[in-house]
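S.K.: Each chain, written out:
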Amino acid sequence: MSFVNYQRKEINCKIVYYGPGLGGKTTNIQHVYKKTSGTSRGQMITLNTENERTLFFDFLPLELGEIRGFKTRFHLYTVPGQVFYESSRKLILRGVDGVVFVADSQVEKMEANQESLKGLEQNLIFQGHDLEKIPLVMQWNKRDLPNVTAVEDLERTLNPRNVPSFEASAVQGDGVFETLKMVSKLVLMNLKGGLS
Amino acid sequence: MAENLQDAIADIVKSLTIPTRIEKHHVLISNRDGVCLYSNKANELNISMSALLGGVWQASQALIELNQFKSHNEVKLGFDDGENGFCMVRIDIAKRPCYACIVFEKEMAPGAIRTQLKLWCDKIADELKLWQPPAHRNGYLFKDVTDEEIDRLFGFGSKECLS
Ligand SMILES: Nc1nc2c(ncn2[C@@H]2O[C@H](COP(=O)(O)OP(=O)(O)OP(=O)(O)O)[C@@H](O)[C@H]2O)c(=O)[nH]1
Ligand SMILES: [Mg+2]
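Protein chains in written order, with this note's numbering: chain A, 851 to 1046; chain B, 119 to 281.
Honestly, the hints are just simulated from the structure, not real lab data.
Some clues are possibly wrong.
Said to hold, decoys possible - Incomplete in silico selection of chain A near chain B, CB under 7 Å: (1) Gln893; (2) Ile917; (3) Leu981; (4) Lys1031; (5) Leu1041.
Note that the coordinates shown come from a computational prediction; the quantities given were computed from them, not determined experimentally.
Here a beta-carbon is modelled for each residue, glycine too, at the ideal position from N, C-alpha and C.
With the sequences and hints as input, model every part of the structure.
M.R.: Here it is in structure tokens:
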């Protein structure tokens, strides 16, 4: 859950990168880490398997600038995509304020994308979220590869709700900040509590 | 009492004497989502450490629940080699689960500091028994957020962030 401190004028929000294994979630936040300066990012935490797959989560705290006098801090998490880490994914989704779904555009990954998206929806419902309301952004990743599904097909299959979506090549950094900025915007606009 | 939990805890901690035995080590309190609520050391690692505390505790809890374990005693969590490590206790502050952690180094009696940590946390929790989260505010904090505001928010470091 977002954490707004009105006296100190601080906002803390939690954004989770979700999606199938090897889709590029960790690569997204690694790129953010690389491109941000030392003062705006904290220590990145990576809990990996031996072969560099996410075991529990990656965590990157980002200190952004101010918005209308509120100092803004985003906590970026990735979940482990491999199917058998379901219970870890459930834990990491707790208290989430916004989700980036990182889909793998490769043709043969369509089923894995659908499976993962279904899991995301179930987990969010289980935690009492309204799927219509939770800030969600889709990222069509790995557009640099030759064998990719057409964007229209990805939209049709994975994005019936028509949430904002971006093409990306996270290894090259393309689309990473566009995606993050959009989910940040949606999360900030969704923060409850007027200023009166 | 302060309206937000971080300030409320800071005020209570100032009014209680923190046992010297635990004071010399790094003490952190985080909420269930891993947001740092208190630290006795200004340390840039506090944020990442708090995220790990939330994760460590919840993973342990999930592990135990898979085994249908039900405890009626105080649960504690620790990782140490007898003199270096950390231990965690749960405290409920204003009915919300929070975790207190002490990271210790060259400590001859880890068991004793864990007990002291627990006692100290119980005092904090007790002082905050009557603390209430601020009354629910209606509406949204920001009605609309423009792309320019988001660009400014991300206006750090690289050109790419500004694009
Ligand atoms: N060609 C290409 N490769 C990518 C892209 N994004 C990520 N990769 C590669 O895909 C592999 C997996 O990326 P990760 O970021 O570790 O994937 P993940 O989603 O975190 O995977 P899990 O942690 O197992 O869930 C790595 O070898 C990346 O370099 C991309 O846009 N294009
Ligand atoms: Mg990963």
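S.K.: Could you run down the list of hints and mark each one as holding or not?
M.R.: Hint-by-hint comparison with the structure:
no. : hint    : result
1   : Gln893  : 4 Å, holds
2   : Ile917  : 6 Å, holds
3   : Leu981  : 19 Å, violated
4   : Lys1031 : 5 Å, holds
5   : Leu1041 : 4 Å, holds
In summary, the one numbered hint that this structure violates is 3.
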